[in-house]
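Sequences and hints are given; from them, build the entire structure.
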Amino acid sequence: MIRLDGFKQKLLVTIDKWKKIALEKFPMRTRISLHLIMWIFLFSVYYSTNNRILQPNTTLTLITSFKDLLLVCIIFYSICYYAVPQLLKWRIWVFALVLVLCLVMWVVVTHEYAVFVLNTFNIKGTRGYFYYKSLVVGNLMSSFSIQQLYFFSLDIIYMVMTPIVIKGIITLARISYKMIVLERNKLSLERDNLSLEINFLKSQINPHFLFNNMNNIYSMIVRNDSRAQELVMNLSDVMRYTLYESNVSKIEIKKEIAFIIDYISLEQVRYGDNIVINCDYQYDSEESSISPLLMFPFIENAFKYGARDSIEDAFVDIKIDIKDDVLNFSVKNTYDKEDGVKVDDGVGGIGIQNVTKRLQLLYPGRHLLNIANDSNLFSVEMTLMLN
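Residue numbers (the numbering used here): 2 to 388.
Don't take each hint at face value.
Unchecked claim - What follows is a list of derived Cβ distance ranges for each label pair: (1) L244 x C81: 40 to 46 angstroms; (2) S227 x R185: 52 to 58 angstroms; (3) S154 x L188: 45 to 51 angstroms; (4) P86 x R30: 19 to 25 angstroms; (5) W91 x V327: 18 to 24 angstroms; (6) K187 x N374: 28 to 34 angstroms.
By construction, these hints were calculated from the structure, which means they are not laboratory data.
Every residue, glycine too, gets a C-beta built ideally from N, C-alpha and C.
As structure tokens, this is what we get:
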């Protein structure tokens, strides 16, 4: 029962979505043009059919074709523009009532028209004569017998099915197109949101990171430590990369790795002997490129939680290997199990969850990501097909 209710709810949501799209209309001029083309086409079909069975009576052929067209128009618009919208609102009884009234109208008009033709025109010897003779098997009420209703039902389906099918094909095509456009807009919006988040990341480097490094550099300058100049250059490179150089969809892998090395150098000075840092990287081609700042949140997270005073033998282990345009990246770090690790933290609030979304959008079907925490060890492994 739970599964049925869930299916019904999904069905209602889907129908509601389709209804909103289906009820969206073309511009009036386009709609009128499409309908005129359809009715002109159908009139030519009706005329050709009636001309074969009523030859050589051209007048009767024209009258019959216009009669058929008028009836089909009334039934078509009644069903497609009134009955079907009522059905989508789950007013099934209204839909059924319209179908019954259309059938009654068709029976009455067709029977009376058959009587008119047989009494007014001499069509004996034509196929039309036998057709109209089969419609007049008695009075009007006898046309509502089971056998005659079955015949009239087939007749109305044959006549009305063509415009309804045309309408259905156009509607389904429009729904499919609209759904494709909506899906593309959704993906575009997600990309735009991620771009905004990345730009926010670039402009909002962790204040603690900046303050601590500025204090470290200041202390080194006071002590006349020769490493101060190098750290200033490293910090300058990190700022330049995040604010300017990474403002592209793809960047050379050597620049991304150079940025990571600069960042690690700053963190090494910041934490000193409190943490052991291992960084191993290699790539077989300088032409490989990657979406910028994909690895950085994982590395920043490792330092944020792996360099706590409460952790003994703290370490951060980073490996980057690129071969044949396949990136294998891993970062492991110790962490305080009592404090845990928040994977949604990161520079400027851009965390690992957002990197996951970026991977799904930028490298769909071309990436593997595994995040695990075992005992006091947190690890991230990522495989990426770059091109």
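Contradicted hints - numbers only
Going through the list in order, the structure violates hints 1, 5 and respects the others.
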